[in-house]
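What follows is the residue order along each chain.
Number of protein chains: 2
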Amino acid sequence: MSETKCVGAQSVCFRSDVYVLGRAAVVGKKEGEGPLRSFFDVIDTTDMFEGENWNDAESRMMQKAATLAIKKAGLTPKQVRMLFAGDLLGQLLASSFGAGELPIPFLGVYGACSTMGESLMLASMAVDGGFADCAEAVTSSHFASAEKEFRFPLAYGNQRPLAATWTVTGSGAIVVGNRTALERCRTQREESAGTHGRIVPPGVEVVVAGGTVGKVTDYGVKDKANMGACMAPAAAAVVEAHLKDFGRTPEDYDKIITGDLGAVGVKIFADLLGQKGYRVESVQEDCGLLIYDNELQDTHSGGSGCGCSASTLAGYLLDKLYEGEWNRILFVPTGALLSPVSANEGSSIPGIAHAIVLERKQEVR
Amino acid sequence: MSETKCVGAQSVCFRSDVYVLGRAAVVGKKEGEGPLRSFFDVIDTTDMFEGENWNDAESRMMQKAATLAIKKAGLTPKQVRMLFAGDLLGQLLASSFGAGELPIPFLGVYGACSTMGESLMLASMAVDGGFADCAEAVTSSHFASAEKEFRFPLAYGNQRPLAATWTVTGSGAIVVGNRTALERCRTQREESAGTHGRIVPPGVEVVVAGGTVGKVTDYGVKDKANMGACMAPAAAAVVEAHLKDFGRTPEDYDKIITGDLGAVGVKIFADLLGQKGYRVESVQEDCGLLIYDNELQDTHSGGSGCGCSASTLAGYLLDKLYEGEWNRILFVPTGALLSPVSANEGSSIPGIAHAIVLERKQEVR
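Residue numbers (my numbering), protein chains in the order written: chain A, 1 to 365; chain B, 1 to 365.
Worth double-checking, as some hints may not be accurate.
The list treats identical chains as one, so a pair stands whether inside a single copy or across any two.
The calculated DSSO-like cross-link candidates involving lysine-lysine, where the alpha carbons are at most 27 Å apart (straight line), are [stated by the list, open to error]:
(1) K29 to K78
(2) K222 to K267
(3) K255 to K222
(4) K78 to K276
(5) K78 to K148
(6) K78 to K244
Because the hints were derived from the structure by calculation, they are not lab data.
Turn these sequences into a full structure, and let the hints steer you where they fit.
Here it is in structure tokens:
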């Protein structure tokens with residue numbers, strides 16, 4: 001029987017190292033004008049990615065991110081054994097069509113805007129469990145396809161309340177692999193200098209060390225223009241479970257970074273954890289608040305969407321780890337399990353969040 | 001580093017035994033009138049499962065199957081460490097709301113009607129990889145919620161072409177676990193006689209032995225009333241890859257059972273494999289053709305939907321394995337990656353399928 005990798009009530013710890021081999025962040029115009037602009041690999045100022053319509057644009061963006069992360073790892077798509085991908089559209093439209101162009105076994109996942117957490121967790125489990133030398137996690141969202149799916153036609157020009165967030169046009173892709181895959185990549189990476197993001201000091205690697213799978217959490221909030229409030233309880237619950245399972249405090253992390261709680265959600269998140277005795281304010285960040293300048297860019301409560309946390313992780317967050325500014329972070333993408341049907345039927349909006357531990361490793365080569 | 005469990009180009013083999021601990025099949029009226037009626041645990045002749053609308057009905061049906069499989073295993077929901085679930089509705093509406101009532105960490109998956117293959121594969125990987133003692137795979141579909149989502153309002157009463165399939169109102173749930181979980185279940189199962197389906201001869205177990213993850217396959221078929229033709233190429237491709245990876249022939253399986261290719265799709269499937277030198281006719285079955293009496297029940301090309309293969313597996317197929325009529329089967333649920341948006345935009349319908357090996361084990365106790 002396999003050695004257990006279970007920790008506490010709902011967490012897992014990866015016993016063999018699961019390395020980040022490659023990563024790519026591909027975004028649209030607005031994201032390319034925001035504070036993280038220098039951390040993205042590709043900025044398409046047309047938002048169309050040469051696609052024929054918004055869904056097609058999102059598929060192509062996702063495919064570009066998936067392909068680029070593989071290339072930056074020094075691999076070919078055929079060397080990637082499993083692709084875990086998802087997006088916000090019904091029936092995972094963007095991922096299904098995007099993945100159709102890639103010769104990689106495909107597993108579609110859905111956790112709304114928490115999808116990068118789920119896909120990265122499953123890709124890491126596939127590697128650590130011995131099911132893949134190398135696996136990829138990709139997620140995407142597109143402002144125009146999401147507005148059309150969930151809210152109003154763009155041409156209608158509805159006014160957005162201040163609690164609303166702005167769906168990020170972006171895709172993030174991460175290739176993870178075991179030691180064997182890392183060794184293979186290192187050779188190939190060295191042949192093509194500078195292909196692994198901006199900065200990789202020799203011997204520095206980032207590993208996915210473990211994580212906590214979240215439960216669906218429903219506080220009964222029904223306002224789809226205030227998704228931060230819908231998701232904050234799920235984020236607080238998974239972080240609490242994580243800290244308990246690992247016997248850690250918030251200070252054991254350089255940063256605890258939620259996905260897209262936005263200006264309203266982060267306060268609720270901190271309050272809920274405060275009630276449980278965990279003070280997170282000093283280490284707390286939110287991808288939705290990092291990706292835009294809310295005042296200059298008029299994004300109200302911040303960014304949201306699968307692509308928000310995914311592109312921030314693949315760009316900014318991993319850069320900070322490689323650079324050594326941080327040594328260990330908890331990445332907590334958050335999802336609102338909202339469907340146009342459930343919302344129109346007046347149902348509440350349950351939330352979900354997963355927590356992933358990413359650590360910097362300085363190796364003696 | 002973990003021992004590799006990769007086989008060939010795209011398959012995995014589980015090294016520690018992954019046992020089926022519990023299972024449940026919950027279906028609607030039409031399925032309860034079909035040839036497999038005696039293999040289902042619950043038949044709700046109202047199709048409503050005490051829900052308020054069709055989506056709610058599907059959530060409750062899924063929840064009933066999930067809960068019953070856990071109970072039949074002799075476990076409580078809190079003992080299940082991960083729930084992999086998905087359905088056909090946009091944003092996994094049925095699963096998200098169904099899972100919200102269960103205290104189990106949740107990972108949403110989507111592979112259209114192949115979802116039971118994906119969820120069972122991932123649950124088994126979670127167990128074999130040491131990430132969970134015990135995990136559950138559940139999927140569902142509901143005729144009324146699916147018609148509303150993908151085709152026409154029921155009240156419109158449109159005529160269906162003969163190549164069309166009938167979406168099954170059903171949910172199948174399988175709890176898998178490692179040896180430790182099995183031992184625990186055995187004690188509890190013995191306390192409550194007859195809770196593990198109809199027939200479990202002492203010492204007989206069914207294990208998930210491995211499988212092959214499929215790729216998105218698109219032959220350009222655009223007819224959403226002929227999904228068998230859309231999915232058959234993906235099913236043939238994954239079976240071919242599986243047989244190559246494991247160095248097997250179709251005769252190494254007592255049955256190769258596709259999900260919902262229907263009357264049209266199974267012929268294409270057999271033809272495509274025949275062209276590659278594999279004769280599958282003698283061992284081939286299709287859940288879509290097993291679940292209804294197409295002549296008496298007027299279902300045209302057969303049953304379809306996530307719930308078709310899931311409820312047939314949890315009921316009929318596993319019974320045949322426990323009974324000893326079969327010793328090894330290849331379960332190949334098939335999915336058409338169709339969204340209402342992509343279909344209305346005139347896109348083709350890509351297919352996907354995964355292949356899972358299930359084996360009977362007679363143990364000396």
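Identify every previously stated hint that the structure contradicts and give their numbers, smallest first. 1, 3 and 5
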